[in-house]
Amino acid sequence: MLPIDISAELGKYGGYAIFFLLGSGFGIALELAGFGDSRRLAAQFYLKDMTVLKTMFTGIIVACLLIFLSSAIGWLDFSLIAVNQTFLWPGIVGGLIMGVGFIIGGYCPGTSIVATASLKLDGLSFLVGATIGAGLFGESLPSFENFWNSSYTERYLVSDWLGWSIGATVFAVTILALVMFYGAEKIEEFFKNKDTGNEWTWKIKKRSYIYGAGILIAVAALVWSIGQPDPIRKWKIMESKYASQLSSKAVFIHPLEYVKTYNEATIKLVTLDLRTSHDFEIFHLSGAENVKLNDLLNTKVVAPLAQLPPQGVVVLIADNDSISVKAWKYLKVQGVLNLYILENGLHNWNNLFAGKTISGKTFNLASPPSELLEQFPKDSYVTKIKIGSKKRAGGLCS
Amino acid sequence: MKAKPNPVKNPYFAGTILGVVLFAAFALTHSGLGASGAIARIHVAFTKLFWPSHVDCVGTFATMGAGDHNALDHASIFLLLGTFAGGMLSAWLNGRMKVEVIKGPKITKVQRLIFALLGGIIMGYGARFARGCTSGQALSGGAVLSLGSWAFMFSVFIGGYAIAYFVRRLWAD
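Chain order of the listed sequences is A and B.
If you're matching positions, the first sequence starts at 2 in this note's numbering and goes up one per residue.
If you're matching positions, the second sequence starts at 444 in this note's numbering and goes up one per residue.
Do not rely on the hints blindly, as some may be mistaken.
[What the hints assert, rightly or not] If you want the footprint, here are the derived chain B segments under chain A, 3+ residues with CB under 8 Å: (1) 455 to 468; (2) 471 to 479; (3) 499 to 512; (4) 516 to 525; (5) 537 to 543; (6) 560 to 572; (7) 583 to 590.
Calculated directly from the structure, the hints in this document are not laboratory data.
Please read these numbers as outputs of a predicted model, since none were measured by experiment.
C-beta: ideal position from N, C-alpha, C; glycine also.
Please take these sequences and the hints and turn them into a complete structure.
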């Protein structure tokens with residue numbers, strides 16, 4: 002199932018080789034579109050040649066449809082795909098600055114690499130400038146760092162913002178792109194530039210455009226009608242990948258390991274207590290949150306769990322391990338990392354710590370201190386928690 | 444090398460290739476494409492040659508290349524090298540490999556190089572500000588429906604259109 006973690010499969014340098022090949026494809030696509038020529042890029046802003054808009058949105062729509070179609074039919078786990086973090090206002094301000102740089106310099110960073118590769122000296126000059134600009138940014142950042150880190154949401158999709166399903170959003174975005182393509186063709190007819198505009202390899206017929214648009218709409222409608230898999234369907238698709246972690250008990254932790262983790266300053270522990278609110282009020286572990294199993298199907302509840310930092314650990318507690326296993330499945334397929342179950346819930350908790358004191362004093366059973374662990378033999382439990390250091394977000398821009 | 448360059452491809456065709464490459468990038472590496480991150484890393488590596496202690500002092504530089512960490516030992520650098528190689532290959536096959544300064548007819552070559560440098564500085568600054576460029580933010584983030592990327596994309600176009608009139612001499616026929 003996609004995505005493949007290529008660096009884990011092929012090692013670091015094998016991964017680098019794949020990145021090189023992907024980059025080559027990227028460079029070829031940009032060069033074929035004519036983006037090694039700053040006049041063609043600048044012409045976008047004088048409405049003479051809309052190649053930038055057409056190529057960019059075709060790329061976005063094609064990739065978008067492929068991603069969400071593969072996700073809908075269970076070939077790709079979208080929760081593992083890096084989505085650019087949203088820093089709304091810094092992004093907008095940065096975008097405005099880039100627009101200004103774009104029309105003055107005639108390139109964007111990616112296209113200036115292609116221009117330099119085809120020996121365009123203005124491309125090289127731009128690339129040198131972009132390197133300097135990146136440096137100036139780092140130097141000046143301390144004066145506005147708070148703004149730069151403001152209006153942040155880790156994974157904020159257009160569909161979340163609209164309150165629509167992903168399928169409906171994909172369909173709407175496809176229609177939006179087609180409307181823009183139509184507009185771009187009409188605008189070009191008015192402002193045609195003999196140097197750059199309308200100078201393509203194939204003079205294709207109008208009918209071909211209509212077929213192309215028809216295919217895009219059909220795929221978008223398919224994505225919408227299948228829908229993105231809910232956690233229950235997703236588990237069926239992904240069972241083979243994760244079921245062994247349950248059957249081998251690799252994700253069931255001993256209460257003493259919970260105590261150890263709870264007292265670990267470097268770990269951000271989230272404890273989800275699935276028992277009834279009545280039982281929760283009688284006794285619960287300090288810091289635990291009381292949730293219902295069905296809450297774990299709600300993306301608003303799950304999103305913060307899936308976006309924990311790499312040293313975040315989520316532990317599930319229930320009266321019955323079959324409930325915590327169900328909860329584990331729901332959360333696992335929604336991309337929650339470092340997810341564990343407290344074995345037997347709280348049934349052994351009181352017995353385990355009964356009669357124990359620390360330096361002669363009793364302690365709070367809801368938040369046992371780490372000194373307690375010294376009273377148990379070292380081999381009384383097997384350590385299960387492994388902190389994955391991998392963080393999915395961020396991508397290649399950082 | 445051909446005497447006359449081939450015409451460029453239909454933008455929808457080039458865009459489809461772009462989209463398939465972008466999808467492949469997500470499928471194989473779970474992140475998309477990008478360019479500006481690698482450019483920032485080149486800056487850090489270059490600064491480090493002359494002023495290593497400074498790299499350790501500036502927050503965003505230190506995260507890429509502090510101490511004995513090599514800023515260039517990163518996937519984005521290999522993506523950039525690939526972009527360069529792919530661009531070169533395609534330009535060579537299509538007869539567009541030629542030393543030249545691309546400019547509007549109303550400005551001199553030196554002026555064009557200066558404006559390209561200036562635009563590059565602004566763009567490089569903006570790309571760090573926005574945490575990604577047209578490739579990493581607009582294209583990659585756009586395809587996975589990131590709201591911030593869509594807001595960013597439209598603001599790039601707005602910024603360009605807002606200024607285009609004032610710099611029209613750069614590109615006028």
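A quick look at each hint next to the structure:
1. Counting residues of the segment 455 to 468 of chain B whose CB falls under 8 Å from any CB of chain A gives 14; the rule of at least 3 is met.
2. Here the segment 471 to 479 of chain B counts 9 residues with a CB under 8 Å from a CB of chain A, which clears the bar of 3, and the coverage holds.
3. Remark: the segment 499 to 512 of chain B is confirmed as covered by chain A, as 5 of its residues place a Cβ nearer than 8 Å to a Cβ of that chain, reaching the required three.
4. Using a Cβ-Cβ cut-off of 8 Å, 7 residues of the segment 516 to 525 of chain B lie near chain A, which meets the minimum of three, so the contact claim holds.
5. With 6 residues having a beta carbon nearer than 8 Å to a beta carbon of chain A, the segment 537 to 543 of chain B meets the requirement of three or more and the stated coverage holds.
6. Chain A is given as covering the segment 560 to 572 of chain B, and this holds because 13 residues of the stretch bring a CB closer than 8 Å to a CB of that chain, at least three being needed.
7. Requiring three or more residues with a Cβ within less than 8 Å of a Cβ of chain A, the coverage given for the segment 583 to 590 of chain B holds, as 8 such residues are present.
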